[in-house]
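Peer 1: These are the residues of each chain, in order.
There are 2 protein chains.
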Amino acid sequence: MGWWQVKSVRTAFQGELGAFSHMAVQQLLGKRAQVIPCERFEQVFRLLAKGEVDAAVVPIENTLHGSVHENYDHLLQFDLPITAETSVRIIHNLIAIPSTSFKKIESVYSHPVALNQCLNFFAAHPHLQRIPFYDTAGSVKMVMNERRPTAAAIASSMAAEIYGAKILKRSIEDDRQNFTRFFLLQRPGDKPLVQTRAERKTSLVFSTRNTPGSLFRALSALALRDLNLTKIESRPLRGKPWEYLFYVDVVADVADPRMRKALGHLEELADFLKVLGSYPRGK
Amino acid sequence: MGWWQVKSVRTAFQGELGAFSHMAVQQLLGKRAQVIPCERFEQVFRLLAKGEVDAAVVPIENTLHGSVHENYDHLLQFDLPITAETSVRIIHNLIAIPSTSFKKIESVYSHPVALNQCLNFFAAHPHLQRIPFYDTAGSVKMVMNERRPTAAAIASSMAAEIYGAKILKRSIEDDRQNFTRFFLLQRPGDKPLVQTRAERKTSLVFSTRNTPGSLFRALSALALRDLNLTKIESRPLRGKPWEYLFYVDVVADVADPRMRKALGHLEELADFLKVLGSYPRGK
Chain A
0 MGWWQVKSVR TAFQGELGAF SHMAVQQLLG KRAQVIPCER FEQVFRLLAK GEVDAAVVPI
60 ENTLHGSVHE NYDHLLQFDL PITAETSVRI IHNLIAIPST SFKKIESVYS HPVALNQCLN
120 FFAAHPHLQR IPFYDTAGSV KMVMNERRPT AAAIASSMAA EIYGAKILKR SIEDDRQNFT
180 RFFLLQRPGD KPLVQTRAER KTSLVFSTRN TPGSLFRALS ALALRDLNLT KIESRPLRGK
240 PWEYLFYVDV VADVADPRMR KALGHLEELA DFLKVLGSYP RGK
Chain B
0 MGWWQVKSVR TAFQGELGAF SHMAVQQLLG KRAQVIPCER FEQVFRLLAK GEVDAAVVPI
60 ENTLHGSVHE NYDHLLQFDL PITAETSVRI IHNLIAIPST SFKKIESVYS HPVALNQCLN
120 FFAAHPHLQR IPFYDTAGSV KMVMNERRPT AAAIASSMAA EIYGAKILKR SIEDDRQNFT
180 RFFLLQRPGD KPLVQTRAER KTSLVFSTRN TPGSLFRALS ALALRDLNLT KIESRPLRGK
240 PWEYLFYVDV VADVADPRMR KALGHLEELA DFLKVLGSYP RGK
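Those protein sequences? They're chains A and B, same order as listed. Take the first sequence: its position 147, counting from 1, is numbered 146 in numbering that gives the first Met the number 0, and each next residue is one higher. Take the second sequence: its position 203, counting from 1, is numbered 202 in numbering that gives the first Met the number 0, and each next residue is one higher.
If you are wondering where the hints come from, they were derived from the structure by calculation, not from laboratory data. Note that this is a predicted model, so its numbers are computed, not measured. Among the clues, some could well be false.
Put simply, identical chains are the same to the list, so a pair is met inside one copy or across any two.
[Stated by the list, open to error] For lysine-lysine, the following DSBU-like pairs were computed, each having C-alpha atoms within a straight-line distance of at most 30 Å:
#: 1; residue 1: Lys103; residue 2: Lys165
#: 2; residue 1: Lys190; residue 2: Lys49
#: 3; residue 1: Lys190; residue 2: Lys30
#: 4; residue 1: Lys230; residue 2: Lys273
#: 5; residue 1: Lys30; residue 2: Lys282
#: 6; residue 1: Lys230; residue 2: Lys282
#: 7; residue 1: Lys230; residue 2: Lys260
#: 8; residue 1: Lys30; residue 2: Lys165
#: 9; residue 1: Lys190; residue 2: Lys282
Go ahead and model the full structure; you've got the sequences and the hints to work with.
Peer 2: Have a look at this one:
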């Protein structure tokens, strides 16, 4: 862990400075946020729970890779409400020291997931050697430290900016429909850091015994009150065959009278129910 | 691509020999399967579509990481029915050349995701240097080729067996609830390679316009016929705000009269519907 800026909102995230989570922090809180990079997601939650930071930003789902179940698990375990959301488009850039140029590059370092998301680029430039590295932003840091004119990294434009590197090729990812959704978390009772006039959403988790139609009955609590869903996902409870957790996002504030009635009804129908947060809809 | 065994069912998968997908092939088809490792998921689907292999095995969801949306996209695009499913427990092992021992190991190679799933092990052995590598099974192959007594890899027990390496520590992963579910795919009309008396499941994809209650109405087609779901997941259609794809698994054969009626009903309610396959339930 390290400290980056000096003032205001202390925000924990997982990854190196310049990681996509760091971009999410800036999208949510602007440059006023003071960031605390952590190695593990659990650390991020723990720092916020202990009050060592004011906020946390964690990825929750990606359009190519699905939900980050580990973070749903932490949301269940810790009592840290979601107070905002945002989506970051995952754009991969080829990044090197400022004094080099693309034709000098021989090897490209990045996280294997990022390398694998740029296969068309590598097919078009077969002389480039792909070298796996621990982290996307970390690969930029390393390339800058070593100052080799033949080495490049694949990472966010923010990583290039932070480490003073040059972008040789922009947006070299195969799939432009690659977005990650992030949640801003705060401590219960703290004033929400993001205030917008956007319509509001509420994220829920509930479980039902998997008798036929139990999910259908649970959803009736929402549907019969004309509440709209933007996400539903089931997850089997391991060790409890035939029991499921459901993650649901509803377009309504938790204090909306229809939503309060729906939650009361859902409580009757579900074995377990937890409201993870109510927050303004992100872009 | 390479050929491994000489006889019978030619099966494509993504990854190196000894990858977890390769374990899934053996769980589904036994050692009779002749495997064709591919670099990309898309290649796996294409080889099967062109008839260059008889079957394909692809991961579809993981208990920690969620659904592999890329493979759902390929299932939508290609017409290759699911004919079986299986789950593989992801067990990470520390693997090295047979002549070394744990106390000689200084550096550990593996895919960063695998390294990150063994953080408790590394916390207990802080002198071990973690070095990211392209692939879990590939890291065993490399360690065996270089024959350094101080290097180890993290991968499946199958990778140790294939490359003639020794397992120094078994099951060093942090979370034992780490399972990946795989689908066996064949060409339309081919005789299913896996025949069991297990109850049958059907996987569907459908889309609805997101008017309040549209999912609820679609699910009524299943619930009102007492059909049980084992999975439901929504995915926003990018570029089409407020439209969603839903992946649903139903416990019933596609030829079950209730299921046929439900599908007819669902077709009325959904904008788009595709049956991805009907197959015996896996363990």
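Peer 1: Determine for every hint whether it applies to the structure shown.
Peer 2: Taking the hints in turn, this is what the structure says about them:
When the C-alpha separation of Lys103 and Lys165 is checked against a cutoff of 30 Å, the pair qualifies only within one copy, where the shortest distance is 14 Å, while the shortest distance between copies is 41 Å. In this assembly of identical chains, Lys190 and Lys49 lie within 30 Å of each other by CA distance solely inside one copy; the values are 17 Å within and 58 Å between copies. Taking the shortest alpha-carbon separations for Lys190 and Lys30, only the intra-copy value of 19 Å comes in at or below 30 Å, while the best inter-copy value is 60 Å. Within a single copy, Lys230 and Lys273 get their C-alpha atoms as close as 16 Å, and across copies as close as 20 Å, so both meet the 30 Å cut-off.
In this homomeric assembly, Lys30 and Lys282 come within 30 Å of each other (Cα to Cα) only inside a single copy, at 18 Å, whereas the closest approach across copies is 50 Å. When the C-alpha separation of Lys230 and Lys282 is checked against a cutoff of 30 Å, the pair qualifies both within a copy, at 15 Å, and between copies, at 28 Å. For the identical chains of this complex, Lys230 and Lys260 are neighbours both inside a copy (20 Å) and across copies (27 Å), given an alpha-carbon limit of 30 Å. Taking CA atoms no more than 30 Å apart as the test, Lys30 paired with Lys165 passes inside one copy only; the shortest distance there is 21 Å, against 50 Å between copies.
For the homomeric pair Lys190 and Lys282, the shortest alpha-carbon distance inside one copy (21 Å) is at most 30 Å, but the shortest distance between copies (47 Å) is not.
The structure is consistent with each of the numbered hints, conforming to all of them.
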